[in-house]
Amino acid sequence: MKKRPVYSIFLGVLVFLIIFWSAAPLLWIFISSISERTELYSIPPHWIPENPTFEAYEKVLVTGESFRGGGGIAATELLRKGILNSLIVAISTTALVMFFAPLLGYAFSRLKFKGSQILFYIIIGIIALPAWPVLIGLFSVFSNLHLLDTKTGLVLLSFTFRLPFETWFMKGYFESVPSEIEDAARIDGCTRLQTLFKVSIQMVMPGLIAVSIVSFLHTWNMFAAPLVLTYTLKSKPLTVTMTEFIGQYFVHWDLMSAATMISIIPPLIIVIFFQKYIIQGLSAGAIK
Amino acid sequence: MKQRISTWLDNEQHLAYVILAPSLTLLLGFAYYPAFQSFKFSMLRYNLKMPNRIKFNGFDNYIYVLKDPVFIASVLRVLYFMVIATAGVMLISLAISLVLNQKFKGRGILRAIVIIPWALPPVVNGHLWKWIFNGDYGALNGLLLQLGIIDDYHFWLNNSFVALNLAVFLFVWRYAPFVTILFLGVLQSVPGQLYEAAKVDGAGVFRQFYYITMASLSRIGGIAVILTLIASFNVFDGIYALMEFSESTKTPMIYNYELTFEMGRFGRGSAMAYLVGFFLFFLTLIYIRTSFKKDKI
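Keeping their order, the protein sequence lines are chains A and B. Our numbering numbers the first residue of the first sequence as 23 and each following residue consecutively. Our numbering numbers the first residue of the second sequence as 570 and each following residue consecutively.
Do not take every clue at face value.
Stated by the list, open to error - Simulated DEER-style distance windows between Cβ atoms: (1) 656(B) <-> 165(A): 13 to 23 angstroms; (2) 269(A) <-> 576(B): 41 to 51 angstroms; (3) 134(A) <-> 757(B): 27 to 37 angstroms; (4) 106(A) <-> 590(B): 24 to 34 angstroms; (5) 28(A) <-> 813(B): 43 to 53 angstroms.
Stated by the list, open to error - With a Cα cut of at most 16 angstroms, we get these calculated EDC-like pairs of lysine to aspartate or glutamate: (6) 134(A) <-> 579(B); (7) 134(A) <-> 205(A); (8) 136(A) <-> 581(B); (9) 699(B) <-> 266(A); (10) 256(A) <-> 202(A); (11) 134(A) <-> 581(B).
No lab work stands behind these hints, which were simulated from the structure alone. These figures come from a predicted structure and were not determined experimentally. C-beta atoms are modelled at their ideal positions from N, C-alpha and C, and glycine is treated no differently.
Work the whole structure out from these sequences, hints included.
As structure tokens, this is what we get:
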């Protein structure tokens, strides 16, 4: 089918608008982070920096220079510890998800057991629990279990609230792949667990990757829960330390932009490389 | 011994319960029990700063919250927020998904770019836009000045009505990609022959759009509206980063945090959480019913 030129031009304009809408703010933050302060603070700002520099990154991560109202190493510590904590928490949660998601999917799709319906709804049901009633109660539960201000607490919490998504998603995924090969393995004398880990897991791998990636993003991005449940650099994730970093010291916008860039690097990398899996994870079941 | 364990585990029932035990324990301990715990708090006079004056006071907290003018204002504010945000998300997502549904080179890259706002931490999203809206050096001011739309720089966030709408904008920017992906999934499953057949029957572009495109989106559209309503009610991170506890964008989520954790009013905070949660719970139940029903068919 031949396309009319009017159509192509119209489409081109729309594509440009979509790119501008989605990417322009990020591009601006990147430009801000590599601009000299004088250029950034001119009116109107220099859209393309004349002397691009990575100094802001160095100040934010290493030297802690040019923080008004104290700062120095203390300020860089906020970011460095935040990055470390966020990575540890997000990676541990993802590891837990990778281990449990196939098990849960397998149990609800392949195994017949008493109460499976009810247990499934108990897991899915936590979607309906609103955030604050849970968080307020969690504060006291965490304080009784000595989990307040620990990375372990954050990992367990994040994992718990990913359960409905992974269970629902993996159950569906298991049901979409045929079980004949598993049955054959069973006849060959494999136990159920062996079958699961040797055979089934390979067939549901794409689904498992999708679930793991969405879990990593969610954990890396979480803010309200750690804001309530952590209070020292021992466990505060980057989202929280960054917010403090802005509130505590008067931060110049070039530094602030560098910090922002650092915090969005992992999600950006993930979107670029795992786009297909994210889309799969998002569209299936349409769970937040 | 090892042999015995593995035989015991190979029983369907046993294996299922062993698999589910850790997750269910976490679920009960970290989700259901805390929710019950805060229900208990909601019936207590409980100020974190005065821990030895905890006392049962029935529904006093609920009555206090329902009479609190700050709370009432925050509810009205979030209702406005939800309506505008949902309309915005639906329109933008529909437009973007229709474009992404066309066939052209670089569509995959465009799709990745479109998802980016959704993938960023929402709180960072708030910081990012705060810099763009900045009154002294912000990019928004610079751009509008160069385009000749404004004569001098404005402090956008100081005007409470503008600030509220910018908060809505932030939400739309972040959430539209998600709904776009939902729409796109459905659009791509509509067979092309449908359009061909309609053309043969003499249906114009608009009738095709209305009877095929819109009709195919109707079910997912309903789910998306409910999801967006829930999500827009729940916004916390972005608003906190953009405006903190400022009056102009104080939604129930923000006020609930302020009351509970900034002021230490655990009893009143829990009561508010329950009042708000009750409302959200029903919205979510509608979602679960519509969305998970297809599983049964």
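Hints, verified against the model:
1. 656(B) <-> 165(A): 13 to 23 angstroms: With a Cβ separation near 42 angstroms, residue 656(B) and residue 165(A) fall outside 13 to 23 angstroms, so the hint is violated.
2. 269(A) <-> 576(B): 41 to 51 angstroms: Distance hint for residue 269(A), residue 576(B) is violated at roughly 59 angstroms.
3. 134(A) <-> 757(B): 27 to 37 angstroms: With a Cβ separation near 35 angstroms, residue 134(A) and residue 757(B) satisfy 27 to 37 angstroms, so the hint holds.
4. 106(A) <-> 590(B): 24 to 34 angstroms: holds (32 angstroms)
5. 28(A) <-> 813(B): 43 to 53 angstroms: For residue 813(B) against residue 28(A), whose Cβ atoms are near 49 angstroms apart, the range 43 to 53 angstroms holds.
6. 134(A) <-> 579(B): Measuring from Cα to Cα gives roughly 12 angstroms; hence the hint holds.
7. 134(A) <-> 205(A): holds (15 angstroms)
8. 136(A) <-> 581(B): Satisfied, since the Cα-Cα distance of roughly 10 angstroms is no more than 16 angstroms.
9. 699(B) <-> 266(A): Holds - the C-alpha atoms of residue 266(A) and residue 699(B) are around 15 angstroms apart, at most 16 angstroms.
10. 256(A) <-> 202(A): Given that 16 angstroms is the threshold and the Cα spacing comes to 49 angstroms, the pair is violated.
11. 134(A) <-> 581(B): Holds: residue 134(A) and residue 581(B) sit about 6 angstroms apart, inside 16 angstroms.
When held up to the earlier numbered hints, the structure conflicts with 1, 2 and 10 and fits the remainder.
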